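Enquirer: Protein chains in written order, with the working numbering: chain A, 1 to 141; chain B, 1 to 109.
Bear in mind the hints are in silico, worked out from the structure with no lab data behind them.
All values derive from a computational prediction rather than experimental measurement.
All C-beta atoms in this analysis are idealised placements derived from N, C-alpha and C, irrespective of residue type, glycine included.
Where hints are given, some of them may not hold.
[Unchecked claim] Using C-beta positions, here's what the derived DEER-type ranges look like:
1) A/Pro13 <-> B/Lys37: 42 to 48 Å
2) B/Glu8 <-> A/Lys138: 35 to 41 Å
3) B/Thr69 <-> A/Pro32: 34 to 40 Å
4) B/Asn38 <-> A/Arg98: 40 to 46 Å
5) A/Glu140 <-> B/Lys37: 34 to 40 Å
[What the hints assert, rightly or not] Residues from chain A shown here face chain B by an in silico Cβ test under 10 Å; the list is partial:
6) Leu7
7) Thr15
8) Cys20
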Amino acid sequence: MAAAEKLLEFQFPATSAYLCTLREKLREVLGPCSPSEELLNFVVLAVSEACVNIIEHAYCEDDTGDIILEIERQDDNIIFRLTDFAHRKTSKEEMKSRPLEEIRPGGLGCHIINEIMDEVQLIECNSDCGNVLQMKKKLEP
Amino acid sequence: MKSKLSAESNYDVLELSGEIDLHYSPQLREMILGSLKNGNSLLINMAEVSYIDSSGIASLVEGFQTAKTANLSYGLLTISSPALQVLTLTRLDRVFTLYDTVEQFQSQL
């Protein structure tokens with residue numbers, strides 16, 4: 001197994017105004033190593049959805065702060081690590097998909113992330129606040 | 001996101017373009033529900049939508065439910081490939097009525 005190569009570290013405020021910039025960064029970094037436009041679109045969507053979850057559910061109500069996105073490449077796998085500093089801890093239960101038979105607005109972000117990514121994992125961290133979400137995707141045709 | 005709402009004789013057309021994410025979905029929701037609450041059927045042209053996330057999809061679903069309750073026609077026209085990928089992933093391509101032409105929508109009003 002090759003050593004992980006860092007492709008990006010990007011820190012930005014956890015607000016919806018920065019989502020567009022985030023997607024531009026993702027396309028810039030992942031475009032050259034993505035085998036298809038469709039796969040690139042899906043990966044950009046999944047990472048953006050994970051950030052939406054942080055903005056809406058981790059930094060909820062009066063809490064504000066930053067998100068750090070780290071992207072590493074290890075062989076054919078791309079590893080995405082999202083760190084937030086929210087006071088609210090996200091539970092593994094919250095990362096589960098909801099049944100799609102329920103036709104109602106909302107709650108589709110986790111389904112999208114889980115469908116697109118090969119692995120989705122909340123990393124245990126000892127600090128009092130903050131969450132670390134790690135997602136892995138194999139970029140193959 | 002850019003949007004343009006126009007009134008036809010017996011329905012509204014909402015033309016969307018660009019990226020629809022959490023930053024713009026409240027505006028989309030307001031436009032969709034505003035049109036439906038005026039009692040107008042609604043056709044949403046999504047040909048130029050380059051990106052849509054779950055919050056944008058949620059606005060479309062809320063419109064679908066509101067239209068159904070009010071017995072109004074509601075459909076999506078010429079959906080772009082990136083938007084269709086998301087609808088397919090969330091299996092909502094089977095829920096929304098998708099139209100290739102305006103005439104198809106008009107014929108069921």
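Enquirer: Taking the hints in turn, state whether each one holds.
Expert: Tested hints:
The hint said 42 to 48 Å for the Cβ distance between A/Pro13 and B/Lys37, and at roughly 34 Å that hint is violated. In this structure the supplied range 35 to 41 Å is violated for B/Glu8 paired with A/Lys138, their Cβ-Cβ distance being about 48 Å. Judged by the Cβ atoms, the range 34 to 40 Å given for B/Thr69 and A/Pro32 is violated: they are separated by roughly 48 Å. Distance hint check: the CB atoms of B/Asn38 and A/Arg98 are about 32 Å apart, inconsistent with the given range 40 to 46 Å.
Against the hinted window of 34 to 40 Å, the Cβ-Cβ separation of A/Glu140 and B/Lys37 comes to about 47 Å, which falls outside the hint. With a cut of 10 Å, the hint placing A/Leu7 at the interface with chain B is violated, because the nearest CB-to-CB distance is about 21 Å. At its closest, the beta carbon of A/Thr15 sits 8 Å from a beta carbon of chain B; the interface hint therefore holds under the 10 Å criterion. For A/Cys20, the shortest C-beta to C-beta distance to chain B is roughly 6 Å, which falls under 10 Å, so the interface hint holds.
Consistency with the previously given hints fails for numbers 1, 2, 3, 4, 5, 6, ordered from lowest to highest.
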